[in-house]
Amino acid sequence: MDLNTIFFGGLAVLSLAVFFYFGKFKASKEQTDREDRINWTKGSFNYKSCLTIALGIFLLFFFLSFLGLD
Amino acid sequence: MRHQALNTFGRSGNPVFGQKFDGDAQFADLPASQKMTLEGTINKTGILLLLCFLTAGISWNIPNPALMIGGMVIGLIAAMVTIFKPTMAGSTAPIYALAQGLFLGGITVIFEAQYPGIAVQAIGLTFGTLASLLICYKTGIIKPTENFKLMIVSATAGIGLLYFVNIMMSAFGGGEGIGFIHSNGLMGIGFSLVVVAIAALNLVLDFDFIEQGSEKGLPKHMEWFGAFSLMVTLVWLYLEILRLLSKLRR
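Residue numbers (the numbering used here), protein chains in the order written: chain A, 1 to 70; chain B, 1 to 250.
Just chain A, with the same shape it has in the complex (with noise of 0.2 Å):
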């Protein structure tokens, strides 16, 4: 076994059982009382923002490449 393995397989194993341990408690008070939490309650959604954004992110990357940037 190399070194690769070891490492990087160590920290699979590692980190597997770090999110099997920590998934099953609940998060902080800091990150549950907070007023500006994600309300996934409401269909408050802005999709003209994200397609916006979206869009923006988009052309920014096609255009990029007619450049010729690689």
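Careful, some of the hints might be misleading.
[What the hints assert, rightly or not] Which stretches of chain B does chain A cover? Using the computed rule of at least three CB atoms under 8 Å from a CB of chain A, they are: (1) 35-47; (2) 58-64; (3) 120-127; (4) 140-152; (5) 209-218.
[Claimed, not checked] Calculated pairs, DSSO-like style, for lysine-lysine (alpha carbon to alpha carbon, straight line, at most 27 Å): (6) A/K29 to B/K85; (7) A/K26 to B/K138; (8) A/K24 to B/K247; (9) B/K35 to A/K24; (10) B/K85 to B/K247; (11) A/K24 to B/K220; (12) B/K138 to B/K247; (13) B/K35 to A/K26; (14) B/K247 to A/K26; (15) B/K220 to A/K29; (16) B/K143 to A/K26; (17) B/K35 to A/K48; (18) B/K138 to A/K48.
[What the hints assert, rightly or not] Have a look at the derived ranges for each label pair, beta carbon to beta carbon: (19) B/G117 to A/A17: 21 to 27 Å; (20) B/F84 to A/M1: 24 to 30 Å; (21) B/L54 to A/T52: 30 to 36 Å; (22) A/M1 to B/N61: 17 to 23 Å; (23) B/A197 to A/M1: 29 to 35 Å.
Note that these hints are calculated values from the structure, not bench results.
Computed from a predicted model, the values in this text were never measured in an experiment.
We treat Cβ as the ideally placed atom computed from N, Cα and C, and that holds for glycine.
Could you slot chain B onto chain A? The hints should help.
Frame of chain A, contents of chain B only:
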């Protein structure tokens, strides 16, 4: 008619969630054993990961394009059914995980043949990102807000559009499509870094959705739905990390 839980719960950056919710008290009369919990969702994520690894192992040992393409198509169908029929998530999410395993195992073999050792690096970095962001979320270091959600969902949609146009251009005679997406130059690597960051931040939205879902006591099958949403993001993140690492080693 949309399912009650989807009418109840909103949209995450991950496209698997629907929108609209009428009120927190909607599921108040459900017995405790029928409510979504954090522990249940994490356990189900574990089951999905195990199933994914199982078929990835098969596909890794028996590399076959038919297995890979079959896995991709079945995975796509299972994902669509899960998104539109979350009540079926208990059966469709495991099918999605099994199918994606076949696809990921096959694609990993191709990358591994070209760049030995890349698979374990990508797996380590994917789960490393998952654990780091979970800790950042749980401790409140990263606090997702409505603006955060707007930016991540928009960026995800923008990247999706870019990939779609790239596939169309490649399919209809545009050569490699949008050039720098595949290049190992500064732009290509920079682009991959941005995409990896966006995919990783989608995990934060998934964590918040699952956290709030268990707080509000959504129906039990939403545990499968939450686990499925995490799997979708993890599969995307893994593929993007694999692409980034391959660009760095070219």
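Counting residues of the stretch 120-127 of chain B whose CB is closer than 8 Å to a CB in chain A, do you get three or more? holds (count 7)
Measure nothing beyond the straight line between the CA atoms of B/K220 and A/K29; if it is 27 Å or shorter, mark the hint as holding. holds, 25 Å
Proposed proximity, A/K48 with B/K138 (alpha carbon, max 27 Å): violated, 31 Å
Taking only the CA atoms, is the gap from B/K35 to A/K26 under or equal to 27 Å? Holds, at about 15 Å.
Would you mind confirming whether the straight-line C-alpha gap from B/K143 to A/K26 stays at or under 27 Å? Cα-Cα ~14 Å, so holds.
Just tell me: holds or violated, for the beta carbon distance of B/A197 and A/M1 against 29 to 35 Å? holds, 31 Å
Check whether the Cα positions of A/K29 and B/K85 lie no farther apart than 27 Å. violated, 33 Å
Starting from the hint 30 to 36 Å, judge whether the C-beta atoms of B/L54 and A/T52 obey it. This hint is violated: roughly 43 Å between Cβ atoms.
Satisfaction of hint between B/K138 and A/K26, Cα-Cα up to 27 Å: holds, 7 Å
Given coverage of the stretch 35-47 of chain B by chain A, tested with a Cβ cutoff of 8 Å and a minimum of 3 residues: With 6 residues in contact (Cβ-Cβ under 8 Å with chain A), the coverage given for the stretch 35-47 of chain B holds.
Can the stretch 209-218 of chain B be counted as covered by chain A under the rule of three residues or more with Cβ-Cβ separation shorter than 8 Å? holds (count 6)
Between the alpha carbons of B/K138 and B/K247, is the straight-line distance 27 Å or under? violated, 33 Å
Figure legend: structure checked against the earlier numbered hints; hints not met, in rising order: 2, 6, 8, 10, 12, 14, 17, 18, 20, 21.
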